[in-house]
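Work out the full structure, taking the sequences as your base and the hints as a guide.
2 protein chains.
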Amino acid sequence: MTTQEILHAARQARPALRCADRAKKDAALLAMAGAMWEQRAQILEANAQDLEAARGRIGDVMLDRLALDEERIAGMAEGVRQVAALPDPVGQTLRTVERPNGLLIRKVSVPMGVVAIIYESRPNVTSDAAALALKSGNVCVLRGGKEAFRSANAIVAALRTGLERVELPRELVNLIQDTSRASAMELMTANGLVDLLIPRGGAGLIRACVENATVPCIETGTGICHVYVDGKANLEMALDIIGNAKTSRPSVCNAEEVCLVHSAVADKFLPMLKKRLVEDRAAAGQQTVELRLDKRAARIIDGIPAGEQDFDTEFLDYILAVGVVDSLEEAAAHISAHSTGHSDAIVTADADAAAYFTAMVDSAAVYWNASTRFTDGGEFGLGCEIGISTQRLHPRGPMGLEELCSYKYVISGNGQIR
Amino acid sequence: MTTQEILHAARQARPALRCADRAKKDAALLAMAGAMWEQRAQILEANAQDLEAARGRIGDVMLDRLALDEERIAGMAEGVRQVAALPDPVGQTLRTVERPNGLLIRKVSVPMGVVAIIYESRPNVTSDAAALALKSGNVCVLRGGKEAFRSANAIVAALRTGLERVELPRELVNLIQDTSRASAMELMTANGLVDLLIPRGGAGLIRACVENATVPCIETGTGICHVYVDGKANLEMALDIIGNAKTSRPSVCNAEEVCLVHSAVADKFLPMLKKRLVEDRAAAGQQTVELRLDKRAARIIDGIPAGEQDFDTEFLDYILAVGVVDSLEEAAAHISAHSTGHSDAIVTADADAAAYFTAMVDSAAVYWNASTRFTDGGEFGLGCEIGISTQRLHPRGPMGLEELCSYKYVISGNGQIR
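First to last, the sequence lines map onto chains A and B.
End of the first sequence = 418 in the working numbering, gap-free, step of one.
End of the second sequence = 1418 in the working numbering, gap-free, step of one.
Hints are computed from structural coordinates only; laboratory data are not their basis.
There may be inaccurate statements among the hints.
List of simulated lysine-lysine pairs, DSS-like, C-alpha gap at most 30 Å [what the hints assert, rightly or not]: (1) A:Lys24 x A:Lys107; (2) B:Lys1107 x A:Lys107; (3) A:Lys107 x B:Lys1232; (4) B:Lys1024 x B:Lys1107; (5) B:Lys1107 x A:Lys232; (6) A:Lys295 x A:Lys232; (7) B:Lys1107 x B:Lys1146; (8) B:Lys1295 x B:Lys1275; (9) B:Lys1295 x B:Lys1232.
Covered stretches of chain B (in silico footprint by chain A; criterion: 3 or more residues with CB under 8 Å from a CB of chain A, positions within the stretch not fixed) [said to hold, decoys possible]: (10) 1240–1247; (11) 1358–1364.
Covered by chain B, per the in silico footprint, the following chain A stretches (three or more residues, Cβ under 8 Å) [stated by the list, open to error]: (12) 364–376; (13) 391–398.
In this text, all values refer to a predicted model and were calculated from it rather than measured experimentally.
Cβ atoms here follow ideal geometry from the backbone N, Cα and C, with glycine treated the same way.
Structure, rendered in structure tokens:
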């Protein structure tokens, strides 16, 4: 089917989920998980073909992301079952107002409609996204990367088997059959057919979506996250937080990229930081962190002088830009100017400083004495996550099931006119 | 100043409102209202120049919309004072979660940041929009139509006098000095400078924004609103509702454009409808409604045969498309296919039919036994309105102060790492 045909079929399928209650949706999810496991041989065969075609064309890290085995398929099925266990976000009464004229106005959560997701080569995104969309009452249109195309088709075939077993239309879960740029552009401009577009991937994909999408689109993911070590910080705590935020998983969007240190503690703290991120890690045989220092930091410790772009770069690597500031206000102003609005943290024992920082730093998540790595749907208690929005128009921050819903007003009267 | 200079100045001004509490913002609003009234002579002089320049180039209705007098300025000032009386939407704790690891996660309402509003020739929009933006903590960048440019400048000068009196920066309220299409395009693509774009105006403006905007943009306003008269409708109530929805103000977006009638009552109801909308109005000397009938309706009453586009047109005029359907399901399916998702209504005494209709019709506002004309911030109890969103990505429906806010997560810990 062409992309347009798939989009029209997806649109036609919407009413099936509008009537489905929680029991029906959960039954579908369990059937989808079961069918995925039953069809693991077909999925692994398709995945082997994907791997064969990709070998030599993508790096080892990417190949590992692409590769499936029985354990990973079991994990994907378990992920779908966990979504079934989450509460139903649809049909919740968010507010009720009775107006003086007797009109009863209820604000009720409803699905977005057709949600399109453009992603890259991880096969598990296919089942994760389909499960989250279904639970939130949305029809999903998935457009994965070409490296994982055969795997994604086999996974979607299994998910559709599950849908058929509970007598829901196959067209609730759709995979675009064209992995060229043209199909991504078609999704971005499918006004009237796509209600929400979520790009999941690198900065290039997200920029392309923001620049070209005429359908409502969520800007996700890019994180230039800061940790500011205040003059009144517990320095040991600051070390632990930065060690975690920078090195526990440098390739993710909630990892720290910039450390700002108050000048009152810089002489003491920066040597501690260098010991923790460079010397201790070298001694332990771990990958060391490359420190890129502004002029003031460079007077205190050794490191690479920071270049012009180093305070505006999402390194996603063992690299940390380090600067010295003279005040809380300067730190907040720097972060306002350079942050991508994802996650930023202050380490301080001073509650007033924390209150100022959390008020003035306008990022999706602002931390006081905790690691930026917690910005995540699971860690926030949402139970799941389809992405992290860095825009201000809702949703913002980690997106779980509720964030995949819209709302509508249902108004009951007895003949009121205006 | 150029548009870019204004946008950068607006961005710089944001922190002034992030720290402003309700008392400060309300004081500013009262000072703005006072200054507008004090500077009424300058505003009227500017308005006279606008009127002089526009005469002969725009129609009488538009000229009337453009014209100011003391009474209208007093009304505008009163509108600003009313916004001061509304609750502060910023800084509300929307949800609090304590996680098992001790992290306290608060979801808090915050301003969007810089809100750009593109509108047409009504001068009162200038002060209304500025007041709503300020109360919601947003810096506004206004771009009005060229016919009202001198008036808007005089109004903004007065509003800025008010801001200065309470020692807030003038740059919280900004007017773009270029009324060409180029400046509108600059706002639509000012990524990183504009956090939200709201177009207020005709279908052409809204389409241009949806197609060209790369900043987050709200699709507002277009309303092809339906009233469905069910087989179990109270027909007198249906007549009252349709009379109101179609004729009380045909030029607005929540006016009815399409009437669907169940075949079980069509023989009885359509002659009643024709009497109410055509014969009674003619007898009363009122503008009559032109009925555009599908084939089945045309077998029952006289009228103009509906053309291909008549069930997909926002007439904004004394014109009503009328069709006959055989079932509730057919009515809901027709509305799903043809509605713009603004406001749709069912008239029925059957609660099950109403429940089905309000579940299946996915519009921003779905009415049971009331007129579509109630879709309005004031009528919904929001106290005000800056527009009506017809998209599903939030906000949806009437936008008041809360809908001009985003949220962020403020997370407090004691050194948690992941």
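Against the structure, the hints come out as follows:
Only pairs whose Cα atoms come within 30 Å are accepted, and lysine 24 (chain A) paired with lysine 107 (chain A) is accepted, the gap being roughly 23 Å. For the proposed pair lysine 1107 (chain B) and lysine 107 (chain A), the alpha carbon gap of about 20 Å is at most 30 Å, so the pair holds. At roughly 26 Å between alpha-carbon atoms, lysine 107 (chain A) and lysine 1232 (chain B) fall within 30 Å of each other, so this suggested pair holds. Distance check on the hinted pair: lysine 1024 (chain B) and lysine 1107 (chain B) sit about 23 Å apart at the alpha-carbon level, within 30 Å; holds.
Using a Cα cut-off of 30 Å, the hinted pair lysine 1107 (chain B) and lysine 232 (chain A) holds, with the two alpha carbons roughly 26 Å apart. A distance of roughly 23 Å separates the Cα atoms of lysine 295 (chain A) and lysine 232 (chain A); the hinted pair therefore holds under the 30 Å criterion. For a cut-off of 30 Å, the pair hint linking lysine 1107 (chain B) to lysine 1146 (chain B) is broken: about 41 Å separates their Cα positions. Restraint check for lysine 1295 (chain B) and lysine 1275 (chain B): satisfied, since their Cα atoms lie roughly 19 Å apart, inside the 30 Å limit.
With a CA separation close to 23 Å, the supplied pair lysine 1295 (chain B) and lysine 1232 (chain B) stays within the 30 Å bound. With 5 residues having a Cβ less than 8 Å from any Cβ of chain A, the region 1240–1247 of chain B passes the three-residue criterion, so the hint holds. Taking a C-beta to C-beta cut-off of 8 Å, the region 1358–1364 of chain B contributes 6 residues in contact with chain A, enough for the three needed, and the coverage statement holds. As drawn, the region 364–376 of chain A meets chain B at 11 residues by the rule of a beta-carbon pair under 8 Å; at three or more, the given contact holds.
Look at the region 391–398 of chain A against chain B: 7 of its residues bring a Cβ nearer than 8 Å to a Cβ of that chain, three or more, so the hint holds.
Violated hints amount to a single one, hint 7; each of the other numbered hints is respected by the structure.
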